[in-house]
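Undergrad: Residue numbers (this note's numbering), protein chains in the order written: chain A, 1 to 339; chain B, 1001 to 1339; chain C, 2001 to 2339; chain D, 3001 to 3339.
These aren't lab readings, by the way, just hints derived from the structure by calculation.
Worth double-checking, as some hints may not be accurate.
Claimed, not checked - Covered stretches of chain A (in silico footprint by chain C; criterion: 3 or more residues with CB under 8 Å from a CB of chain C, positions within the stretch not fixed):
no., stretch
1, 73-85
2, 302-308
To be verified - If you only want the chain A side, here are some residues facing chain B, beta carbon under 7 Å, derived:
no., residue
3, M1
4, G3
5, T182
6, P188
7, H193
8, E259
9, H260
10, M263
11, L265
12, R267
13, F269
14, A271
Where a beta carbon is used, it is the ideal one built from N, C-alpha and C, also for glycine.
4 protein chains.
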Amino acid sequence: MTGVAIVGASGYASRELIRILLGHPGAKVTVATSRQDEGTRVDSLHPSLARRIDLSCEPFDAERLAERAQVAFLGLPHTASMAVTPALREQGVRVIDLSADYRLTDPTVYADWYGHEHTDLDGLRTAVYGLPELYRERIPAATLIANPGCYTSTSILGLAPLIAENLIERTGIIIDAKSGVTGAGRAPKPNLHFPEVNENFSAYNVGRHRHTPEIDQVLTDVGRVDGAPVEVVFTPHLVPMDRGILATIYATPRKPAAEHDLMDLYRDFYARSPFVRVVGGLPATKDSAYTNFFDVTVRIVRGKIVVIACLDNLLKGAAGVAVQNFNLMFGHAETTALL
Amino acid sequence: MTGVAIVGASGYASRELIRILLGHPGAKVTVATSRQDEGTRVDSLHPSLARRIDLSCEPFDAERLAERAQVAFLGLPHTASMAVTPALREQGVRVIDLSADYRLTDPTVYADWYGHEHTDLDGLRTAVYGLPELYRERIPAATLIANPGCYTSTSILGLAPLIAENLIERTGIIIDAKSGVTGAGRAPKPNLHFPEVNENFSAYNVGRHRHTPEIDQVLTDVGRVDGAPVEVVFTPHLVPMDRGILATIYATPRKPAAEHDLMDLYRDFYARSPFVRVVGGLPATKDSAYTNFFDVTVRIVRGKIVVIACLDNLLKGAAGVAVQNFNLMFGHAETTALL
Amino acid sequence: MTGVAIVGASGYASRELIRILLGHPGAKVTVATSRQDEGTRVDSLHPSLARRIDLSCEPFDAERLAERAQVAFLGLPHTASMAVTPALREQGVRVIDLSADYRLTDPTVYADWYGHEHTDLDGLRTAVYGLPELYRERIPAATLIANPGCYTSTSILGLAPLIAENLIERTGIIIDAKSGVTGAGRAPKPNLHFPEVNENFSAYNVGRHRHTPEIDQVLTDVGRVDGAPVEVVFTPHLVPMDRGILATIYATPRKPAAEHDLMDLYRDFYARSPFVRVVGGLPATKDSAYTNFFDVTVRIVRGKIVVIACLDNLLKGAAGVAVQNFNLMFGHAETTALL
Amino acid sequence: MTGVAIVGASGYASRELIRILLGHPGAKVTVATSRQDEGTRVDSLHPSLARRIDLSCEPFDAERLAERAQVAFLGLPHTASMAVTPALREQGVRVIDLSADYRLTDPTVYADWYGHEHTDLDGLRTAVYGLPELYRERIPAATLIANPGCYTSTSILGLAPLIAENLIERTGIIIDAKSGVTGAGRAPKPNLHFPEVNENFSAYNVGRHRHTPEIDQVLTDVGRVDGAPVEVVFTPHLVPMDRGILATIYATPRKPAAEHDLMDLYRDFYARSPFVRVVGGLPATKDSAYTNFFDVTVRIVRGKIVVIACLDNLLKGAAGVAVQNFNLMFGHAETTALL
């Protein structure tokens, strides 16, 4: 039984983490921390967990945490994660960080997009990008996992087979992405106030969403050709619903392609991935909601390749993939507690 | 043409007021004030009004306001209204107050429920309760209108015929009310954050919602019998939608009653009221949404009288009835700009 | 391992049943039947189950079913259930019926409310009402379970402690209930068309919803006093959301009561029930959604007892309680696969 | 006063037409027809219109209609419109057809996409495409208006300035469009059943939506260069909300362009169009919902031109633009009854 700490327990992804881990035969949540909710019971923060967990939030203390936990999931905002990670690793606690702090390998890119210098370059060098479908073999030995962003996973998994096989142009890829509102976190903001979001649909952060460099970086790593990096045009939109991200991706094939060949390619590429479903119909967010599945299909429309991909942003896009990483790190079947 | 000031222009009811008045042949919005948004254009606060109004928010100044406006609609929180009303009235500006400050005739009841002493007793004595269906004849001469609450109007209009005719027991009346989220205002709060409200239904303020004494007071005024006040059990609930209040009201008849007689009673009682629709079917909030109508029907179930009543909380429950009052005060047809 | 048949596999409750049973260590879904979808794969009917179940719908045949299943869950409309149950029981298959066919013990009441004669009086005499919180000891030996209605469970569990202790008047009990739309089933209807329900709130079937006699009957059984039956005024409403029922219940105490005593009573009454949560705050449907919990609290408002109770209509109100019954019938821990 | 007939009165667009025309000083709805609802009062079909209109649906009869109406709005499905239009025109009734029947100028393209031969080629030759922003001068004299599709108007108005000025490549234009559910009509269907759409987001008809050839045709007409037709990749999606279409459009500039120049171009192009708002911020559907405005902005992202455009599908996308056409045809100010 592995002792687990949830650092930053008040958010939606942390609630999902706790809920999943309550059904995990090899994990026990022994520590929950929260700055703003110190002393509050976890089931007061998350009433849906009433009767299921008897734990209160404590202030973060790496040493005391390490006495009870071998792994810490960080549900913290960016910069807060890199502030606590070194201390945890010093105590021998393995870290699965759900923030963006260890995702961008180049600290100057991080500084550009997040507006802060990176303060844990050692951690940054060590971190493994926690997308099991691409980096499954590196994860078991990892001591620090950079858990991927939700838009990022949708986009990368949707494009990886095409990029890996060098089938599409590497620039001018359009990712038109649509997300439910839990992806924006639990803190109330004017633009997330119910009457502002409800019955509304809009784009936001056009041309400057922070998941853009993350998508570029990982896809470039998946298949760099002649030194040319991948460069995507990424447009996020807000959908008036709780959960789910759907990306409609438009790519230009390097040579004419047939739909069924592309579908075969996707099936082969993800043959070992238990949470990828290459579906014949058009995926809908509701079919993957409340699951850890990533659903994808491919079409050709007037010469463009159109990929439609979706997942649950809180599960496959955050807490679910985090547990997938945990499973790989601690020797459990990849699907444990996730089906 | 009457010059109109919108004092506190940033809220939802104020936006609806402006939108309605833009189509009013006898009114022109000449002043908009806002403390937190001083200098901001009204159509920046409310992008739906783009291209429709060329006005910026100014700080509140009764004297300067009075140069351009003969009437002020107050879209302010309680206590803020009674802070500005005396100065406006001193300048000869008539006031239609959408807050609760002048609704409760007894200042000790106000202090009990709102937690503040009332600071404008003179205004309180002068104020006319702005529910035209009950007080139509008092409104034309009013200089200060206490515009009723949204739950209140639904409940009172739903019960007034029964109380006026002394057909039901005066205590133990159950008002089970359900409201869309715009009723809670535009300020972001944790419990109004989209993912908290969406796909959720809950009661709140059980036994202690501030519209309770307002309902009691007005219904007691409608029909006091042997000195006995009306006393309601009022339970508000939040519905994951923008607009609309529906109240399901349960009353005990003093003697057996027939459904069709009650329906006739309602039709007669509201014969002169152009915005009341006594409907045969079961009213649904969507049929009155975006209108100034109040829809109501009556049923008898196992000896109880069940009244089902609904309206749009921002219109008939706030901005619409405010314009109805304006029309009566300034000699326009009651329905002007409201159909 | 118990072989399980899902008879009528295309509805929402059946989908939830299959999903739950996929995680049950002692059950295996071996048969799925559907009249209109014969030959269709279960994961075509329910794309969320893709990659999880490899089964196609077959026509109903009791004999062939009995070769592979020891128990059948019936997700059929009323009258269809009593048409297949005798054949199943003849084959020794135990039946958990999610329809209304075996809930009303008096066949004349059934005929009155459902408009059909009851055709399986033998089954009716044998059936056990499947509400474990009240009839836990009768369920293990049952061969035919009448799984309770969703409104019914919410209402009965909300009132049972008060009725059992004879603390409230038995008539004039108001149950104002609100339900998400999955409760109305999967068949498209004009009134369930998205733009008709969305952003709308309304009452329906006022005074004539078929769950009324079921509530009366069970509560009368819980605590008949001097031969007086319980008689409730039940008003259902439709909430624009997927899941959840919340009932606000108003009862008249026979003598003055204190809130904390009532809360203690509820805690005691449900002390052995792992899926009942007596909560201090006001329950919200979202906290019990996607769980098998029933949440309840009690307040006193102006002399009335106000009970607020909620559950997920597809789980604790249908598929979840059905598995709870299955667990009790087949010797599993009551919570197996449900936490 | 112009007598108006609503042919096919039961749909959402017809309801909006009636509502708008009730506030029009120069129009009176004198006829409403409906095949399936013959004899039904209009306010029974549309309870929101209760107390506002005293008219019942009659069967379609061109001669009797012509006695009371000078213009007919057709709210009919495709093929039904071209079945009644010749008779109306024979009677001298001008026609504004909201279906697709007269939008595609080439009858073979119509037959290809709609699966029916066109049966009114004379009407087809006569019809004027009713998009006032592009064809304002042709509309006043028109006797038959092909009212544009909702997706179509959003896409065409979003691209017209770029195409007219020959600033972008004519093929490979990506239109990623998202629509509220009223766009799919009022007839209940499995995929529009509330629990299927709610909390869901999906693409549909990828590569084969019938608005595609309409967009191609009109944009080609706006600016054909060297005989090259415009060819768009159009992907529609369904958003869980009532109203609004937002299109995110990606185009490749023929030479480098600056954002502010493009914004100026849009402002100039639409300077005479009272219902086009070129906005600095990112448009959101809710700001144009319940209005006749089309909102648009332009961005440049990594060398691509990104246009974001939205409108209310039932108003600017259907009933509103129809009244705009009516105003131009009958000599009213273009904005009459629409602000």
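Undergrad: Return the status of the interface hint for R267 (chain A): holds when the least beta-carbon distance to chain B is below 7 Å, violated otherwise.
TA: violated, 34 Å
Undergrad: Once the shortest beta carbon distance from L265 (chain A) to chain B is found, is it less than 7 Å?
TA: At 36 Å from the nearest chain B Cβ, L265 (chain A) fails the 7 Å test, so the hint is violated.
Undergrad: Taking the least C-beta to C-beta distance, is H193 (chain A) closer than 7 Å to chain B?
TA: Since chain B brings a Cβ to about 4 Å from H193 (chain A), closer than 7 Å, the hint holds.
Undergrad: Verify the interface restraint on F269 (chain A): the C-beta must sit less than 7 Å from at least one C-beta of chain B.
TA: With a closest approach of 33 Å, the F269 (chain A) hint is violated.
Undergrad: Mind checking the CB of A271 (chain A) against every CB in chain B and telling me if the closest is under 7 Å?
TA: violated, 35 Å
Undergrad: Less than 7 Å between beta-carbons is the criterion; does G3 (chain A) satisfy it with respect to chain B?
TA: violated, 30 Å
Undergrad: Please check whether P188 (chain A) passes as an interface residue: C-beta within 7 Å of a C-beta belonging to chain B.
TA: holds, 4 Å
Undergrad: Once the shortest beta carbon distance from E259 (chain A) to chain B is found, is it less than 7 Å?
TA: violated, 36 Å
Undergrad: Cut-off 8 Å, C-beta pairs, minimum 3 residues; does the coverage of the stretch 73-85 of chain A by chain C stand?
TA: violated (count 0)
Undergrad: Hey, does the H260 (chain A) contact hint survive, CB to chain B under 7 Å?
TA: violated, 38 Å
Undergrad: Grab the minimum C-beta distance from M263 (chain A) to chain B and call the hint holds if it beats 7 Å, violated otherwise.
TA: Result: violated, 34 Å to nearest chain B Cβ.
Undergrad: Does the interface hint hold: is M1 (chain A) within less than 7 Å of chain B, judged Cβ to Cβ?
TA: violated, 32 Å
Of the numbered hints given earlier, the model fails hints 1, 2, 3, 4, 8, 9, 10, 11, 12, 13, 14; all others are met.
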